[in-house]
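Enquirer: Input sequences plus hints: build the corresponding full structure.
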Amino acid sequence: MLRGGAILQVSSPNQAKIAEEAGACCLLVTELTPRGISLMPDPGLVKQIKRVVSIPIMARSRVGHFVEAQILERVDYIDESEVLSLADEEKFINKHNFRCPFVCGCKNLGEASVMGEIRILNNMDEDEVFAFSKKIASPYELIVQTKQMGRLPAVQFAAGGIVSPADAALMMQLGCDGVFVGSEVFDNSSDSYKRVRGIVEVVRHYNDHHVLVDNSCGLNAGEERIEQFGE
1 MLRGGAILQV
11 SSPNQAKIAE
21 EAGACCLLVT
31 ELTPRGISLM
41 PDPGLVKQIK
51 RVVSIPIMAR
61 SRVGHFVEAQ
71 ILERVDYIDE
81 SEVLSLADEE
91 KFINKHNFRC
101 PFVCGCKNLG
111 EASVMGEIRI
121 LNNMDEDEVF
131 AFSKKIASPY
141 ELIVQTKQMG
151 RLPAVQFAAG
161 GIVSPADAAL
171 MMQLGCDGVF
181 VGSEVFDNSS
191 DSYKRVRGIV
201 EVVRHYNDHH
211 VLVDNSCGLN
221 AGEERIEQFG
231 E
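According to our numbering, the sequence shown is numbered sequentially starting from 1.
Derived BS3-like pairs: lysine-lysine, alpha-carbon spacing no greater than 25 Å straight-line:
#, residue 1, residue 2
1, K194, K50
2, K17, K194
3, K95, K50
4, K147, K135
5, K135, K91
6, K135, K95
7, K47, K95
8, K95, K134
9, K17, K47
10, K50, K17
11, K147, K95
Pairwise CB distance ranges, derived in the manner of DEER restraints:
#, residue 1, residue 2, range
12, C217, R74, 39 to 47 Å
13, K135, S190, 54 to 62 Å
14, S190, Q145, 44 to 52 Å
15, A154, E21, 22 to 30 Å
16, P101, P43, 17 to 25 Å
17, H209, A137, 45 to 53 Å
If you're looking for bench data, these hints aren't it; they were derived computationally from the structure.
Glycine included, each C-beta is placed from N, C-alpha and C at the ideal position.
Expert: Here is the structure:
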């Protein structure tokens, strides 16, 4: 299970080994293609990375591109990602046709407006919950679980601009189950391992003040990259 961990974006076997040694719970393999077009990573790169690490591997497919998902099904997780160029602007891949678990993104609160419906769901009695499940064509057991939890019964990871232990701890304290960390943590830094290890540690101990302080020291080598996110 990935809950309570840091998923590291990597683009080479060397980065993958550093991330695994630093304690990452999973690796997201990415690859930038020429002319700025973002597609799924080269399956050959995925195979290379799988050979040098033992932790789970995740790879991105374009939204709606079920053939890319078929190619990537040997990985542990597939990220049907809007970060990549869209193959279908309306229809997502039918996950029931795959054995591999999928990750899907939510970019803003508008896309997560289901939380308003969950608050309404909390006030429903058993008969109303059953009627609601039929109305939205969703399994009754899943609706009951959502009502009991008060949230969607899926892990929720934060992604985007997380480049320091403080960033990771902030997301965890706000209620996330884990974080995605971009490959920029490997850039402009004299000690990538230390930065990644620091992020991993604070994700595990995000309420421990001493852990936060200890893992935030000596990371100024990545300051230039961090400033770019603030522009």
